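Residue numbers (the working numbering), protein chains in the order written: chain F, 1 to 314; chain D, 1001 to 1288; chain G, 2001 to 2259.
If you're looking for bench data, these hints aren't it; they were derived computationally from the structure. As the structure is a computational prediction, the values presented were derived from the model and not from experiment. Take every hint as true, because none was put in to throw you off.
Okay, derived cross-link-like pairs now, EDC-like style, lysine to aspartate or glutamate, Cα gap no bigger than 16 Å in a straight line: (1) K2078/G to E2012/G; (2) K2203/G to E2175/G; (3) K1095/D to D2061/G; (4) K2014/G to D2069/G; (5) K2023/G to D2069/G; (6) K2101/G to E1173/D.
Example chain D residues on the side facing chain F (calculated, C-beta under 7 Å, incomplete): (7) E1007; (8) F1089; (9) P1104; (10) L1108; (11) F1120; (12) F1124; (13) M1150; (14) V1153; (15) I1218; (16) L1267.
Every residue gets a Cβ at the ideal spot worked out from N, C-alpha and C, and that includes glycine.
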Amino acid sequence: MSTAVLQSERAQVLDMRANIRRRQWVDLAFGVAGLLALLFALLTLLALIIDLAMTGVPRLSWEFFTNFPSRFPERAGILSAWVGSFAIMITTACCAIPLGIAAGVYLEEYASKNWLTGLIELNIINLAGIPSITFGLMALGLFVYQFQLGQSILTAGLTLGLLVLPIIIVTTREAIRTVPNSIREAAYALGASRWQMVWDHLLPYSSGGILTGVIISLSRAIGETAPLITVGALTFIAFLPHPPVMAEFPFLSFQWLKDPFTVMPIQMFNWVSRPQPEFHVNAAATGVILLVMTLVMNGIAIWIRYRFRQRLKW
Amino acid sequence: MKERFIEAILFLAATSSVFVTFGIVWILVKESIPFFAHVPLGEFLTGTEWTPLFENARFGILPLLCGTLLSTAIALSVAIPLGTVAAAFLSEYTKPWLREILKPILELLAAVPTVVYGYFALLFVTPLLQKIHPDLGGFNVLSAGLVMGMMIVPYVSSLSEDAMRSVPGHLKEGSFALGASRFQTIFRVVIPTAFSGMTSAYILAISRALGETMVVSIAAGMQPNLTANPLEPAATITAFIVQVSMGDLPHGSIGYQSIYVAGLTLLFLTLCFNVLGLWLRQKYQEKE
Amino acid sequence: MTTNTNLNLRAEVKDLSFSYGPKKVLNRVSMPIYENRITALIGPSGCGKTTLLRCFNRMHDLYAATNYDGEILLHPEKRNVLARDVDPMEVRMRIGMVFQKPNPFPKSIFENVAYGLRVRGVRKRSFIEDRVEKSLQQAGLWSEVKDRLPSPATALSGGQQQRLCIARALATEPEILLLDEPTSALDPISTTHIEELITELKKDWTIVIVTHNLHQASRTADYTAFMYLGDLIEFDTSDKLFTTPRDPRTENYITGRFG
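Model the full assembly from the supplied sequences, consistent with the hints where possible.
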């Protein structure tokens, strides 16, 4: 081989090495950028938690939970807010869970492929993108004025129920889909009807996934503010809803469903919107409670999902 | 017989979601119609003042539209780069066990109640920005937009990561076998292949940003302001709806109708972006 | 094992062992790869033939818990492609690969073939165009696609896609071309096309091919290596290996008595 050829070959090899080194650097730089992006996101979460906790945790006391809101920040509490949140959660759960699971089961097990089910599926996907506040506007027009349900716990619960419905439907479908067909065939082979198969097999086996969806949707509902403002939540309530149990017959009362309400996020919104820093402390304390509740609920959901994936190896 | 009955009930449950959509559109349109009997459409679309609650009421949607688009733009300029890079990192750089831990933690960002984010924007981010830029007012679109951006990072990253990871392994192998680097494989093969799924992620993120209410209501102030300056306060469509709802407006008044008009505009805006996304996806899939 | 001194060595596998986690897949394999010859790797499934092929361009590096031991030397400079300080990117730039299943990128026909040049940072349009045309011609695909280079590669038939993948690998002029059962996903007619193409390519390239099709190996390959359970049992010219195998296991396999 002539020296010229050799030299040009060497130059090529050097060129290739430089090219590779350059690309290795880009790879590394992108990896670092990715790591930084993740770290930044996690640090934001951490900053939020720490900031809220430093301001809010010292304010947490027994009285904070047992006092009504007040003009005096140090006397104000969230009694009506957490009772309201709790009552609305129950209403939401009663509305969304059966409806969502039923819809999920229908779409996954019963529905044949036609334009109607196609429409329903497309609609569920799109519902996730509809701004939550328009649910509130719809509820104000439909539930409050059309159906005369008033600006009540019932209206609020239904609104949030419809809002989180797609979450439950989607997770139910995903959970049912993981049950292998052999289970269905086995059930049918033993003479089970479709509903018996669903009730005795599909639902129990997919309960973990469904439960995850339920928890996630309730955690979403508990922190939701905007649609409830639209529906007409009050920010200053110094009384509790009617008790659900009575001393005399029929012992159970649903009067509370028609009562006006406030919830923790709205109480927090009210406090954070005031100029006095003392109220901001109250807002932070409410925020801590909200944050702990939503993070714990999400944590449980993640854990259940993880456990189910570990346990269920079909 | 019992079986048929059960199936009918389940079917009704499944259609409920369609009724919700139908109900939203119907109510918004129904309550908006009387508004347009009072305010000409031209004035609504081109007016530069939005003061429905004043004595001398003006109904120009532009200031609200401007606030909404500005805060959304800021949020997206944070969420899309950050979310996409994080997604590529999770999908192509991390080991599976690490991804299993990081992804749920990242998703917690989306689980935090929005009102808490509002607090964070007003009382943590704004003071922080004021250290850099002392003239910044207590209410501004910038801090609201930035916090919204962080809030929607998981919407971008989670769905994008799913899309990237569903790119067939043999395509990635094909790229590596030709001497491509990881970065080149991500940008030349993985992202183009996953583009359709990533568009859905972006569209969802845009929808979230457009409809986000509490962060802007708390941290951006509530004055309608026709400005492109993120350092100023401004009101979004959603913030306006909140502002009116907090007060006590009689059913049927023009102020009451105006929140429905605002809601309808918001829905229409969201729809536009969704159609745009659909069109982009289709256009891209044809090219494939 | 016979070594032919009349031929130039292109690469040399030396004492190569490979394991996937605790599972040993290759066991001290040694064999030569001759220049401008086709070397076939045959053996029953699970014998490690594909694993060995994927060692040549460090494909295993993409996955965790893999471990190489031994060398693959690239001649003439005897660079060990398995060495830790050699970047897999360099190896893959020098050794091309075509996969079992055609895997064109969801890009145009032109961009598929140009991909390898582009990732190397080649920008000159005329150079890329020339190279794309030349590679497509070498892969016997030019006449079929020359009028629709900008159309999507995924619209091609399976056999065309595989030839496109071959053109894609040739475009960067690799020193060795690895073919991993390139016809296993194709119909008989496309298979014949590809086999003819492989024989044609021998003039300019050094080829290592994995196949489960014994006829394909005997028809196309100059040299054949029979592998069994991670061991290289026998390496010889295809003529000898298929007519007078020395090892009874080779004989059993090629006469169809097992595997």
